[in-house]
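K.L.:
Sequence:
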Amino acid sequence: MPKIEWPALVSAARELGDTSLPEQVPEMLDDEFLQTLHHVLFEMHVEEGIMICPNCNHNYAISNGIPNMLLAEHEIG
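So the sequence shown is numbered by this note's numbering: it starts at 1 and just counts up by one.
By construction, these hints were calculated from the structure, which means they are not laboratory data.
It cannot be assumed that every hint is accurate.
[As the list claims (entries may be wrong)] Estimated spans, in silico, between C-beta atoms of each pair:
no. : residue 1 : residue 2 : range
1   : 71        : 28        : 43 to 53 Å
2   : 28        : 68        : 34 to 44 Å
3   : 57        : 14        : 17 to 27 Å
4   : 31        : 54        : 31 to 41 Å
5   : 30        : 70        : 38 to 48 Å
6   : 36        : 75        : 20 to 30 Å
7   : 41        : 71        : 41 to 51 Å
8   : 43        : 71        : 24 to 34 Å
Cβ atoms here follow ideal geometry from the backbone N, Cα and C, with glycine treated the same way.
Could you build all of it, start to finish, from the sequences and the hints given here?
P.N.:
Set out below in structure tokens:
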């Protein structure tokens, strides 16, 4: 799984209450693991909430499943 930043995916899933992913990518990618991975990547949706940038700690609102990534004028600069 070289294209997936695994620790970030596991952390995000756990923040959303899903603890089904292992800490490390298993060596054998069996059907059960692939189904779990598919669920986390494609079936989990955040409808309402807040995303927090890990670099600057800015909060981005999520409404109707859409994150608002635009900064207000007073936040630019």
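K.L.:
None of the hints should be skipped; say for each whether it holds.
P.N.:
Results of checking the hints against the structure:
1. 71 x 28: 43 to 53 Å: Holds, at about 45 Å.
2. 28 x 68: 34 to 44 Å: holds (41 Å)
3. 57 x 14: 17 to 27 Å: holds (19 Å)
4. 31 x 54: 31 to 41 Å: holds (33 Å)
5. 30 x 70: 38 to 48 Å: holds (42 Å)
6. 36 x 75: 20 to 30 Å: Taking Cβ atoms as reference, residue 36 and residue 75 lie about 38 Å apart, which means the hint is violated.
7. 41 x 71: 41 to 51 Å: violated (28 Å)
8. 43 x 71: 24 to 34 Å: holds (30 Å)
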